[in-house]
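Student: Order-wise, the sequence lines are chains A and B. Under the numbering used here, the first sequence has 259 at position 78, and the numbering climbs by one with no breaks. Under the numbering used here, the second sequence has 201 at position 20, and the numbering climbs by one with no breaks.
A hint or two may mislead.
If chains are identical, the list can't say which one is meant, so a pair holds when it fits in one copy or spans any two.
In silico SDA-like links for lysine to any residue, alpha-carbon gap of 25 Å or less [to be verified]: (1) Lys254 <-> Leu264; (2) Lys342 <-> His312; (3) Lys306 <-> Arg273; (4) Lys336 <-> Gln233; (5) Lys254 <-> Arg354; (6) Lys210 <-> Lys254; (7) Lys336 <-> Arg257; (8) Lys210 <-> Gly261; (9) Lys306 <-> Ala187; (10) Lys336 <-> Arg354; (11) Lys254 <-> Cys351.
Because the hints were derived from the structure by calculation, they are not lab data. Owing to the predicted nature of the structure, the values given are computational and were not obtained by experimental measurement.
Number of protein chains: 2
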Amino acid sequence: MSNDIAGYSYGDREIGHSSLSEEELEDLKVGARFTEEDVRYLRMAGEVLQGQTTEIVHLWRSEIIAHIPHLAKHSRSLDGGSLPDYLARSNRRFEQWILDTCLRPYDRTWLDYQHEIGLRHTAPKKNQVDHVSSTSHIPFRDVLSFIPVINETMKPFLGRKGHTQDEVECMHRAWSKSMLIQMAIWTEAYEESQKNKAG
Amino acid sequence: MSNDIAGYSYGDREIGHSSLSEEELEDLKVGARFTEEDVRYLRMAGEVLQGQTTEIVHLWRSEIIAHIPHLAKHSRSLDGGSLPDYLARSNRRFEQWILDTCLRPYDRTWLDYQHEIGLRHTAPKKNQVDHVSSTSHIPFRDVLSFIPVINETMKPFLGRKGHTQDEVECMHRAWSKSMLIQMAIWTEAYEESQKNKAG
Ligand code: HEM
Ligand code: HEM
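All chains, please: the whole structure from these sequences, using the hints.
Tutor: If you want it as structure tokens, here you go:
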């Protein structure tokens, strides 16, 4: 895993801490029927996606989100100008997150970092890492609505290294389960961000 | 569409009203890349699923959720006893929702009813329709974590009426997009339920 990514603070003590217990994380896995088989297929996906993450994140952010105004604005300055450094720096963390999703064990450290990433989409932490002035908050509904695009566009990349159709299906299913588990974890970050606003 | 389902109040004036505008609903569709093609494949799915909804909801609720304690408790009384009428009555509405998801136009009326269904998973409305005493609130994270199971188990049912593999894929993709759009709509219901608690 990479350590020279600006603002990437996996495992740091100063980052957010999810209010979920390890038991509640296990419940989320059980609810999604996320099993050891999925862990294995995510490992396989990690090997497949290694070397493709720049292209994938470019597709998501520069080819898709950039053309959808209500999503694009969150990577821009408040007057709509581009912030190329913000995009470039957060892109690298986004790329690393793809590999983390596939290769990291889903333990307390991972849970806390997913929480931190959730917070970085909300007022308490958005813009802070890269010291930019952009929108302060991405509505959770807009994040959720983008999940099908993440999943749909991921599939062809999973098929690019000669795996059988069945293997690609299994990698894709494991990936899709992980997405919803992560969104479930983010609900706590969004709740925390609301409380901060009220308090 | 059926009108004799107890507590099914699609289009009723007294039900919840989503705070989302029609424009925001369109944004969710754009974000998910939900297109006219998806609408067509959902219509196809509706025809395929007609007559299978009892079996599907039975699978989800009696064969899967019933065996996952942290999910099963929400259909039970507070001391863990079974509430067969509650299950039976809400099952019928759940079945109808499958067809509504496939066949209804995603307009203001539909938006408001998705909001109402979201509310029925939270304190303001859970248990009310069937006059039962059960848990008062289903955490949103547990709902989200169950989406992969809904999607995964849906696929074989979509393939049961002799459609090509490609058609099944397209129906399934349209279904999966709709799930996330509906979850995006539910975020407002969950937020509303939190405000009610605070106020
Ligand atoms: C669909 C689910 C999404 C996932 C899994 C996701 C994932 C990520 C990740 C991994 C990062 C880097 C976080 C970090 O380490 O600092 C990130 C940052 C960011 N994402 Fe997302 N994202 C999602 C949806 C969206 C959407 C829909 C938008 C915009 C509309 C968006 C805009 C951003 C922005 C602006 C940042 C930089 C945040 C900051 O200021 O630190 N994301 N996202
Ligand atoms: C995965 C996404 C889910 C969807 C799409 C969904 C859908 C529905 C629908 C359509 C109804 C009938 C609402 C009505 O017309 O009254 C319903 C009711 C209900 N659902 Fe869900 N549900 C989901 C997740 C869950 C989960 C995870 C649980 C339990 C852990 C659950 C428990 C219930 C209960 C207890 C009711 C009855 C609510 C009441 O008291 O009126 N649902 N659900």
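Student: With reference to the structure, classify each hint as holding or not holding.
Tutor: So, going through the hints one by one against the coordinates:
no. : hint              : verdict
1   : Lys254 <-> Leu264 : within (10 Å within a copy, 48 Å between copies)
2   : Lys342 <-> His312 : neither (38 Å within a copy, 55 Å between copies)
3   : Lys306 <-> Arg273 : within (17 Å within a copy, 43 Å between copies)
4   : Lys336 <-> Gln233 : within (12 Å within a copy, 29 Å between copies)
5   : Lys254 <-> Arg354 : neither (31 Å within a copy, 27 Å between copies)
6   : Lys210 <-> Lys254 : between (33 Å within a copy, 17 Å between copies)
7   : Lys336 <-> Arg257 : neither (28 Å within a copy, 39 Å between copies)
8   : Lys210 <-> Gly261 : between (39 Å within a copy, 23 Å between copies)
9   : Lys306 <-> Ala187 : within (15 Å within a copy, 46 Å between copies)
10  : Lys336 <-> Arg354 : both (10 Å within a copy, 12 Å between copies)
11  : Lys254 <-> Cys351 : neither (35 Å within a copy, 30 Å between copies)
Violation of the numbered hints given earlier is confined to hints 2, 5, 7, 11; the remaining hints are satisfied by the structure.
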